[in-house]
Amino acid sequence: MALSGIAIYKLLPKTNCKDCGFPTCLAFAMKLSQQGIKLSACPHVSEESKQALDASARPPIQLVTVGTGERAFSVGNEVVMFRHEKTFYNPTALAVRVKTSQSREAIAATVAAVDAYSVERVGIHMRLNAIAIDDAKGDPAAFASCVEQVSSITKMPLILISKDPRVMEAGLSKVAGRRSLIYAANSENVAQMAALAAKHGSPLAVQGDGLSQVAEVVEQANKAGVEELVLDPGARGFGNTLNTFTQIRRLALKSKERLVGYPVIAFPGEGSISPEEEALLASQLVIKYAGIVVLDHFAPHHAYPMLTLRQNIYTDPQKPIQVEPGVYPIRDPGRDSPVLVTTNFSLTYFSVAGEVDGSGMPAWLVICDTDGLSVLTSWAAGKFDGAKIAKTVTTHEVGSRVDHRFLLIPGHVAVLSGEIEEELPGWSVLVGPREGIDIPGYLKNVWTARLQGAKK
Amino acid sequence: MPAILVPTEKWAGKVREVTLGGDSRKKVVVGGETTLPFLHFDGVIPHAPAIAIDVEDVAPQNWSPVLGAVWGDVMREGLAAWARKAVEAGADMVALTLRSADPDMGNTGPAEAVEAVKKVLAAVDVPLIVYGPGIAAKDNEVLVAVSDAFAGKRLALGLCEDKNYRTIVATCMANGHIVIANSPIDINLAKQLNILITDMDMPGDRILMDPTTGALGYGLEYTYSVMERLRVAALLGDSMTAMPMILNPGREGWRFKEAKTRDGVPTQWGDLEGRGIAWETTTAIAQLQAGADILVMRHPKAVGLVKRAIASLMATNY
Amino acid sequence: MNSSSRCTVTLLPDKRQRMVPEGTLLQDAVRQAGIDADIPCGGQGRCGRCLVRIEKGQVWRRPNAHLTSQQIALGWALSCQTEVRGDVTALLFPEKVRERFVVSGTASLKVPRRVRPPRDPVISQYLLELPPPSLKDNLADLERLRRALASASGVKNLEIDLSVARGIHQTLVEGSWKATAVVEHALSGGSSRLVALRPGDAVGTSLGLAIDIGTTTVKVVLVNLRSGRIIDTASAFNRQMSCGEDVISRIVYSQRGDGVRHLQRLVRETINGLIAEVCALHELEPEHIDHVVVAGNTIMIHLFLSMNSRPIREEPYAPMATSFPAVSAPEVGLRVNPRASVYCVPAVAAYVGGDITAGILGSRLHQREGLALFMDVGTNGEIVLGNSDWMAACACSAGPAFEGAGVECGMRATNGAIEDVTINYHTLEPKVRVIGGGAPQGICGSGMLAALAEMFVTGIVDKVGRVNTAIQRGQESGRRRIVDTSHGPAYVLAWASESDTGQDILLTEVDINNLIRTKGAIYAGVGVMLRGLGIDARDIDAVLIGGAFGQHLNVEKSIIVGLLPDLPWDKFHFLGNTAALGAYQVLISRRMRRKVEEIAHRVTYLELVADNSFMNEFISNLFLPHTDIDEFPSVKEVLAQASLNNTQAVAVGERGGR
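Protein chains in written order, with this note's numbering: chain A, 1 to 456; chain B, 1 to 318; chain C, 1 to 658.
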């Protein structure tokens, strides 16, 4: 575990000199404990302290980068067992495997499709990360030719799969300098594979039957000077991968076991009875600790949910829980239904939506983007103001959904009435109740009367 | 060979065991874990998570066409047929929603609710979960009637929220049912509701908690961590978070356009049927990993996939 | 229990005696002895009014959070929680003693009344006797003055304003070549300044003014700068109140047209009004106020100095300044000696202002060995944690409920406010204490907290603050105290016929939620800070409570509702208005001024809005006392005791019925 802010503070000079860019040594210490900055930002730290702090700051799981250029990806560097403890940093890389036994056409089609696949969600373009090329024939020439073919189609990082160092060398020679992942070194070939990794500057996967065997191979790879490793302890299937990968992460984080302090690679297609099952297992692996997942099937209807899951799991859970801004219909509202405006803090949304729903009256709920802050907090921070409300109402075309022109705002921000009416000509602001609990009464009495008045 | 000793976690706490059904009917027991989901090397997991399948007392209007394709015939045939087909599809339990009590769906009353429950109980012998239409006042009305009419059947009744917990808890206590405590995606609110319910002297082993399902892409990341935190707290010994969790990947997974819309969506979304099923199963697998004890699901293929996954996760001989 | 063994209970001072079976509650013995006991809580061990001292004999005390171990060592006991275990002699305290015990959790303003003259004053006064000029010694008046001052005080390089210089001759003549020079000492480097020259021997007439500009209340402390003695204090509502109740509203107001200047004028008028009032009362000249120190939150100081405060409201919440240039009184429009300088105590950050820096100084947190938690509870709750080694601070927006705003029957802590409440468990009837003793007009912050604690412990509200309308107790006492209002169910503290307003004084469910949010926000600040720094609450040595509200806070009830951490009572210290206290210290001592600047420089500000942990803490605090009851072990005990008493009461009731 990382040191607490106070523990780090005790090792700092305590001069509050501000040279690190923070107002006090304690502020710097706290940032350091959250691993948001490097110790080197403090120019005055003593040698002893540096050593003490370096030991606690060293990542327990090695960061491994595969590929080069824009599509290179990194995995590892994780610091927690559960995302709520901090966050998961480097999203699981998803690869699709082709085999030298397939036809060139089939390989070309798969690689092109995977390369091109990109799907957008909440403004983020999500993509697959790598192509794995499996030496199904044990033939260096065939492998080299396949690697050459794939590398001519895509700039995605490659995972080269063969147990035979000769085959591996043939493949690597076609993609020199691209930091392809070598899969895999085992207790038999580790010397040669490590030498290849060192020669090509490639990360190396280590394969073994169980953790002890993997650790043994890792030790030898380390001795050969290879530090960027990926582990395959041989686990397959839902239960086995979950238990094994949990043990690896726990050993790395809690026991500081350097020999398994590396990201892991998984092959969910091996042992699955259908592409559906493979996809489901891949999803579990995204959640539970896989660094790289190599799929045997690619289908958009599986890739999309899988990538969405990865996005969900790797979002920072320390950010306030937010609701997507927009217009939410409650109980099938119509053109006479009231329009209520509030913020996108999830509990504000739940409370307002719940009260409206409970009132039995259909309504439109307009949710503004306030960075997940509640009504009063966001107002205080200038994030819930006339301009923001007007923009949300305009962007989501609230006017086209109703015949009236009334906006109901929370009673706590009654002061915004003028601003909103200035920004939204034609609309009138009604100041609603301060508390959610009063919404049903307000809708039944005030709103109904108001709407009838307006109609007359 | 370097010796690698796997550190085990010995937790002080244990998830409560809750028994549904029984009496002259089949029973299902959930909970009882002394470890995080499926980590057999740390503790014991006496019961596999159970799958319930959703049925409603009127044919739903706006379900996904993919669900319509598999359930359409039995939906029209009636509640009994639907419940039977659900059990054939692998359901360990049936989850009945009294939709017709919704003021917009017929506004039926206690008598119809009791009738619907009676039909399902007669058609299948698995335990039954009964949901009201989701409007506090109507929920109270129909659930109290069902609770009274089927005293001793150990039904799970919900949803019970902090707004109306007194009524539903009181009736479940009086008639020996299980209460489903629902709170909006927040560890503290979930725990608070459990405390309020147990403060009424409801035994802790008659509460299921529903921390609210956020579907894949629609709040799953929040639900996931709230569940995980609840479960970790329970295993650390907090008895007020130690209730088994019930989630609704079926209802939530099939609610959005990703599982409903065939045309006019990006081609990268792929085929609707596969996508919809994956949306449900992906939501479900995440919830299983976060500690779900009961999953209420909808598509038979999704149920099949998830049941196979659970079987693998429960096995200890790999 | 052996019912045959009977014990003699002797009650002092009247020496009344009574034979009772062993195991009898002392309180029952008192009642049987014919002594009328007024027990507002109904024998639940909460109100403390049945306090006695055991002089002799064996008793058994039920575990109770009300008494400290020290008090128990002195023999104190609550008779409703104490069983007789032999012949016992007990002293019944007179009403006054019990009353004091009941309010032991409150404290009065702690600005010292008697002080030693400061050794390193900011302002010194020197009596100068100048030789009148002659042909032999025709040095200019000004140089003559410098020469005399240099020999009297050692002050060289004295800065003398033209405005003083112009009056020199006349002053010297008027005082027959005797005059009193008022010198403001240089703080570091720089030159000292002559701020006044008064004819004759005017030593001791120089005044200083410490000002605490609060969002709601402005307080001034008038000080004799020679003796360091406080002459008087006075306070008034900040006239800016008409432009918004909280700091954000003020910022919003300041952004409109002439807003900044208007707000500056309002606060200046508030202060000048107080100066005129307090000087008139003591027949002193405002002109003799030679130095002014101002403490206030960052926004108040910005507005006082006519600085734009807008950036404070928006990310990244950076104020224009945290340390402020010294200004002269006329620049900010204060009606004092026009050559007096006005020093604003530096702030830490946008939401941790000079009032807190001064508060730390006043509370001496910065000198403590052990870990201390300083809380300033007001519309904003500011929290400082630390010791002589390090200090961290945060602020949370608590809302004005505790100051009486936003609560249906809320009012400030003045005459007519209900400040304490005890509710009888069996009858649900309240007993209230009203400031000034008259009929109640409303309820102030401490009253609300007490009411909330009592309603919670007696089961009137549940742990989320929902009123239990189905509660069975209290039916027989006539009118039901739980009523329906347009804001949901409510509990009536005083009927219309008993109140000064002719209306029921009540707390509605909405009010209760409001209070729970307020206490939740403040305690969340504490929680986030402790967790953020990795510190256990039990490691806190002292809780220092400042702010106007801190004077009236009842520790026990504040812990019951989860506003204050559950620590032994003797760790809580009520310091009153620490901002005014700190400003006063800075006013009279250069050393203190250097100290306060050092403090501002040393405190680390923690931004609570930055992540999720505040919200998480906050929601777990929207519960009584807290979602995690193990954080409040003493409350857990109180609740267990309440339910035990409940069962016993039922048993007693059943017996009586037969």
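None of these hints come from the bench; they were simulated from the model. A couple of the hints might just be wrong.
[Claimed, not checked] Taking lysine-lysine pairs in the DSS-like style, the calculated list, with each CA pair at most 27 Å apart, reads:
| id | chain 1 | residue 1 | chain 2 | residue 2 |
| --- | --- | --- | --- | --- |
| 1 | B | K307 | A | K86 |
| 2 | B | K26 | B | K257 |
| 3 | C | K595 | A | K18 |
[Unchecked claim] Ranges of calculated distance between the beta carbons of each label pair, as one might list FRET restraints:
| id | chain 1 | residue 1 | chain 2 | residue 2 | range |
| --- | --- | --- | --- | --- | --- |
| 4 | C | E369 | A | K18 | 19 to 29 Å |
| 5 | B | Q268 | C | S323 | 36 to 46 Å |
| 6 | C | S5 | B | D23 | 49 to 59 Å |
[To be verified] Over 12 Å on every C-beta distance to chain C, these chain A residues come out as not near it, computed from the model:
| id | residue |
| --- | --- |
| 7 | A29 |
| 8 | H84 |
| 9 | S103 |
| 10 | N240 |
| 11 | G382 |
| 12 | H404 |
| 13 | V431 |
| 14 | I437 |
Remember, it's a predicted structure, so these values are computed and weren't measured experimentally. All C-beta atoms in this analysis are idealised placements derived from N, C-alpha and C, irrespective of residue type, glycine included.
Status of each hint after checking the structure:
no.	hint	verdict
1	B:K307 to A:K86	violated, 32 Å
2	B:K26 to B:K257	violated, 37 Å
3	C:K595 to A:K18	holds, 19 Å
4	C:E369 to A:K18: 19 to 29 Å	holds, 27 Å
5	B:Q268 to C:S323: 36 to 46 Å	violated, 57 Å
6	C:S5 to B:D23: 49 to 59 Å	holds, 53 Å
7	A29	violated, 9 Å
8	H84	violated, 9 Å
9	S103	holds, 52 Å
10	N240	holds, 34 Å
11	G382	violated, 4 Å
12	H404	holds, 26 Å
13	V431	holds, 15 Å
14	I437	violated, 6 Å
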